[in-house]
Structure formats: C-alpha cells, structure tokens
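As they're listed, the protein sequences go chains A and B.
Be aware that the first sequence starts at 1, since it is given in the numbering used here, and climbs by one per residue.
Be aware that the second sequence starts at 1, since it is given in the numbering used here, and climbs by one per residue.
Just to be clear, a hint being listed does not mean it is correct.
What the hints assert, rightly or not - Cβ pair distances, simulated, as ranges:
id, chain 1, residue 1, chain 2, residue 2, range
1, A, Pro37, B, Tyr418, 33 to 41 Å
2, B, Glu526, A, Gly6, 40 to 48 Å
3, B, Leu545, A, Ala54, 37 to 45 Å
4, B, Glu322, A, Gly6, 33 to 41 Å
5, B, Ala546, A, Pro37, 38 to 46 Å
6, B, Asp395, A, Ile65, 36 to 44 Å
7, B, Trp232, A, Val42, 14 to 22 Å
8, B, Asn531, A, Leu30, 58 to 66 Å
9, A, Ile65, B, Ile471, 50 to 58 Å
10, A, Gly6, B, Asp395, 45 to 53 Å
11, B, Leu450, A, Ala54, 28 to 36 Å
Since the hints were derived computationally from the structure, they do not count as laboratory data.
In this text, all values refer to a predicted model and were calculated from it rather than measured experimentally.
Using N, Cα and C, we set each Cβ at its ideal position, and we do this for glycine too.
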Amino acid sequence: MHGEYGRLSIWFFIGVLLTLYGVIILAAGLYEVSSPPAHPVVLFRLHASIWWGALLLVIGLFYFIRFYPKKP
Amino acid sequence: MSPVFHVLLFATTERLLSLSPVDLVVIALYFIMVLGIGFYLKRFTKTGEDFFLAGRDMTAWIAGLSFVSANLGALELMGWAGSAYQYGILATHWYWIGAIPAMLFLAVVMMPFYYISRTHSVPGYLKLRFGESSRALSAITFGFMTVLMSGINMYSMALVMKIILGWDIHFSIWVSSLTVAAYVFLGGLLSAIFNEVLQFFLIWLGALVVSILGLVEAGGWHGMVHRIAERWPGQDYTHLWSDLGSFSSNPMGIHWTGIVLGLGFVISFGYWTTDFLVVQRVLSAKDLRSAKMAPVIGAAFKMAVPFIVILPGLLALAVLPEKLVGSPEAVHGLHSYNEVLPLMLARYCGPGLLGLGITALIAGFMSGMAGNVSAFATVWTYDIYRALIRKEASDLHYLSVGRWCTLLGVLVSIGTAYLVMQFASIMDYVQALFSFFIAPLFGTVILGMLWKRATPAGGFWGLLVGTISSIGMWLWVYLDHSALRYVALSPRAKDMAENVYRALWSWIICVVVTVVVSIWTRPKPERELVNLVYGSTDIPSEGHLALYQRPIFWAAVVCLVFVILNIIFW
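Could you put the whole structure together from the sequences, leaning on the hints where they help?
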C-alpha cells in the first residue's frame, strides 16, 4: 500500500531486500550442503546459512506482501 | 563482470578473508537499494521542511528506529565490540545506564519543549531561549564536532573494508562517502531516515547470527563465563557493578561514581537529549505523542543492542584462539580490539551469510555517516547560513543550500577522515569530543527548559566557560599526565574514565556559571518564555488516552526492564 503521504512505505523496501537476501543465502546454504567447502567455518555442521536464510525469507515475504503497493 | 567489480578487484591490496561472488551480490544489492531509495524519495522532497525534517510526518516507530539506528554507527559496532573484548561487560554501561534513563527523560520531560517550540534544531531552541550568541556558539561547535564524527565513521568503514576485503583504504573512503552524499543530497532527512530503518534491520539480522552461533560454541552464557574465567584468570569481565567499588578492581580503572554521575548523567543525558544528530530524528515525528513515543521505542531497542555488539566481544574472549591487542601493537599479524567483530564474522559465517554480516557493518557505518551529514546540513543552513550570512531568502534557496551543504559536509568529512587516521584509539577520541561540546550543552539546555530565571547572558557564558574548561582539562592532562589524579580522581584511570570525569566537571562548571551569571543579569519577560520553559508551556494532557497508548506507561515498562537487566548482570 502507499503510505499516508502518497509514497511507498519503508516497510515495503525492507520486504523486498530481505526477500532477496533470504533467497540468496538459503540457496548458498543448500549449495554448501551438496558441495561442502574445503575449509568450512566453525559450526559448519549446523548449516546456519539455511535456517538464517529461511528466516530472512519469511520476514521479507511478510513485509513484501503486507506493504505491497495497491491501486488507490 | 561489471566495470565496478573490475575496479574493486584492482583496488585490493591484502585481506583477512575472501568474499565469494554470493557475498558480493549481497553487498551490491544493498548499495543499489539505498541509492534507489534516494532517487525515489527525491520527488517527495520539495520544501525545506521536507529536506531538513522529513516533512514532520514520521510515525513513532519510524522515528524511533531511525533515532536508535542513527547512533548505530561505526563506533557502536566495531568500537564497542572491541571495548567489550578489552573491558568486558563494563562496556554495556554505555548502552544501559549510559543511554536508557536519558532517552526516557528526553521522551517524557524534554520532548514537549522541543516539539511545541517548533524549532528546527537544538541550536534553534537555544536561539529562542537564550538568543543569537548561544545559538551561534552551539551551532559552530556542533558543526565542528559533526564533521569530525563523520570523518571517524568514514575512516572506520574504510578500515573494515581494508581488513576484511583488502580494499584500498582511500578507495573505500570515497566510495562509501559518495554513496551517502548521493542519497542524502537527493532525499534529505527523509532519505536518511528511510535508509536508517532499513539499516536497522540489516544490522540486527547480520550481527545477531554471530551472537547465537558464539553462544552455541561457548556452551551458553554460563559456558562462556566459565571459559573466560579459565582463560583470563584474575580479571572479572562478566559483572556490571560488583567490581566498581574501587578504581583498581576492574579492567577500566573506573569507580561507580564515574559511571553513575559522569556517564549515566552528564555524558548520556548530554548526548541523547541535546545532540542534534539524534534529536533531529525525533523532531521529524508527525505529532507530539509520536515524538514522545519515538525515544521510548528507541530505548527498548537500545537496551537490546548489547546482545549484538557487546556479546560478540565477550564471546571472542571465550573462543578466539588468538589474543587481540591495542591498535598501536597490532602489527606483524596481530589483530587489534577493533577487529573483533569481523574476526567473529569470519569464524562463523559462510558465503552469503558473510556478505550479510559485512553489509550489516557497512550499513552501520553509512547510517552513522548519513546522520552526521543530514544534521550538519540542517544546522549549517538554519543556524549558521540563515542566521549569520543570509537572513532573508526563499525556502527554495535554503533547500538548495541544504543540498549543496550535504556535499560540502561530505568533502570536509573526507578531509577529517585522513586526520583521524593519525589517532591510535578511535573510541577515546570521540569520548573526548563529547566531553568538550555535549556535556556543557546539556547544562545550558536543561537549565533553559526547567529554570525560568536562567538569562540569555547566563546561558551563553555557562556554555562558553563549560566548553573552554573541558578543553582546558584535556590539555592539562595531555601536557602533564600526573594531572589525571585531579581530573579523573585517580592516577590509574584509563582514558575512558578520564573522559567521563572531565564531562562531569565541565557540566558542573557550566551549571554554576549559568546560575551565577543569571542571578546577576536581567531575565527574559514571562511572555517570551511561552512554549520554551517548564511552567510557561501548556503541555497537552494525555488523560483521554488509554493506558497502553500513553508514552509514560511504556517509559515505565522500559525502565522496569532496565532495572531488572542491571540486577541480573550485577
């Protein structure tokens, strides 16, 4: 939705960026599972990229959908 | 590969770690987004009010997140994580007692005067209350301090780029500063606030993962405390108050009186209630209730920031195999305290996640820099240019001056960034600036708001003598180190403790001079104090609001959590 003052809401921009980040980080985490790196980070076995990427995706999609600009 | 990436790659020299293409995409997306927001918001920035105060139409949440995000600059992320490694949990005092009471005081007591007086800035309030000379003095000192702070932000950012990415330090300064200049030039405070809210999310989501993974590795909080005690015997890094009974029993060399009176009262109240960098965000709120709620919301989030800044520093004490050192000794492969957060990021974050963590750092640096630049543009345009150089001009003219001043501020900041490189300790340098300019300013503003009898002459001379005495004390210790026993009450006091006590003395001097001069000079007539002073201002009642809608209720809730947290980590 457009904000009270006729402009896109800041929450919409946040939704867009977090959604993109969620997709990218989740995909990178899944790729690492299929092709483990030669020098893994500490606690690699927890696959932080996967669950953190998923979290970003969920938050991002919430804001993206909730504040998607609608026609007046 | 784009020409930009060719430039970036050729600019590299040495690096702590390598970023993957995924990380570079994450960083590039951030730059595209902030510049895109700037271009998008330009069409909504048509008047001076739009550019300098974001049209005064921000909600409490946006103003509140921006309020706390503008403070999440380079020093917050890198500096305080490093300080936590150096001083332990004592660094948390700068987030809790050094912030929360002052933020709540701003919300409940001071905000009505700022907001109802319709001032554009803190120096603007001094003009209304004490006259032109006080405004000129505070505007000039604020402008000076702000460009120095901005330079510090730039330097810190460039340092991170150099350490982590291997980018040339000069190249980083120019890329980051020109990006900030572009989006503040286009959208003014509105653009800065939008980006600060975005940056708030990135900082949290990028840095919190380090704390979570660090706690997992250390075996939770108790595991971390146990490891620290084992690795660093004889030093207590994990208690907030219990070791502050004497100067020599804690790593900072400070007494609890310094923390409570110097930090918790003077420095904290000075910064959070009179530093226009943060107050400007709240002035953009759409109504008085939002303006009062914004600092309360900011305080709630500020209270949580140690979990992403201080905790990684403590975790580094527990898990990092190497010992970090002070900046001067950080040669021949040794890392300095300020590098603790990037080192922890490198320890836990793989491709993508590392890019997010680096983006969080960059976002923090850019929000701090944008805050300084937008505040500088406002104070310069309204309180220096319009007050002293060109009094009568159109709103469009001042809008144009504000835009160009943004670029000027960035260029001067770039110059100061090169100066900052010469200083060994970034944090101590900034704390010294606060004690010079902010501590006396708080004395002047608080007396102006709460004491009708304070006169224009009292306000001006109190501010001037307070500032000069603070600089004088710094010079005294600089030239004769034994003077530390008088200024900081202990010859063992570290730089931070010295800054805290210097701020306290300069505030006391300011207040005493203001009171004495006011008693001997003529006060302003009552009619000229309307909407400026307690007792002469009709503050709208909130009696018709439900309890949960009242700022005072939420301020009490935040205050209660603040007390509980201090007891838990006593």
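Hint by hint, here is what the structure shows:
Taking the beta carbon of each, Pro37 (chain A) and Tyr418 (chain B) are about 38 Å apart, inside 33 to 41 Å as hinted. Between Glu526 (chain B) and Gly6 (chain A), the C-beta spacing of about 43 Å keeps the proposed range 40 to 48 Å intact. Between Leu545 (chain B) and Ala54 (chain A) the CB atoms are about 40 Å apart, so this pair conforms to the stated range of 37 to 45 Å. Judged by the Cβ atoms, the range 33 to 41 Å given for Glu322 (chain B) and Gly6 (chain A) is violated: they are separated by roughly 54 Å.
The beta-carbon spacing between Ala546 (chain B) and Pro37 (chain A), approximately 55 Å, falls outside the hinted interval of 38 to 46 Å. At about 39 Å, the CB distance of Asp395 (chain B) to Ile65 (chain A) agrees with the hint of 36 to 44 Å. Here the CB-CB span from Trp232 (chain B) to Val42 (chain A) is close to 21 Å, well matched to the stated 14 to 22 Å. At about 60 Å, the CB distance of Asn531 (chain B) to Leu30 (chain A) agrees with the hint of 58 to 66 Å.
Look at Ile65 (chain A) against Ile471 (chain B): about 55 Å separates their beta carbons, and that is inside 50 to 58 Å. Checked against the given bound of 45 to 53 Å, the beta carbons of Gly6 (chain A) and Asp395 (chain B), roughly 20 Å apart, lie outside it. About 52 Å separates the C-beta atoms of Leu450 (chain B) and Ala54 (chain A), a value inconsistent with the hinted range of 28 to 36 Å.
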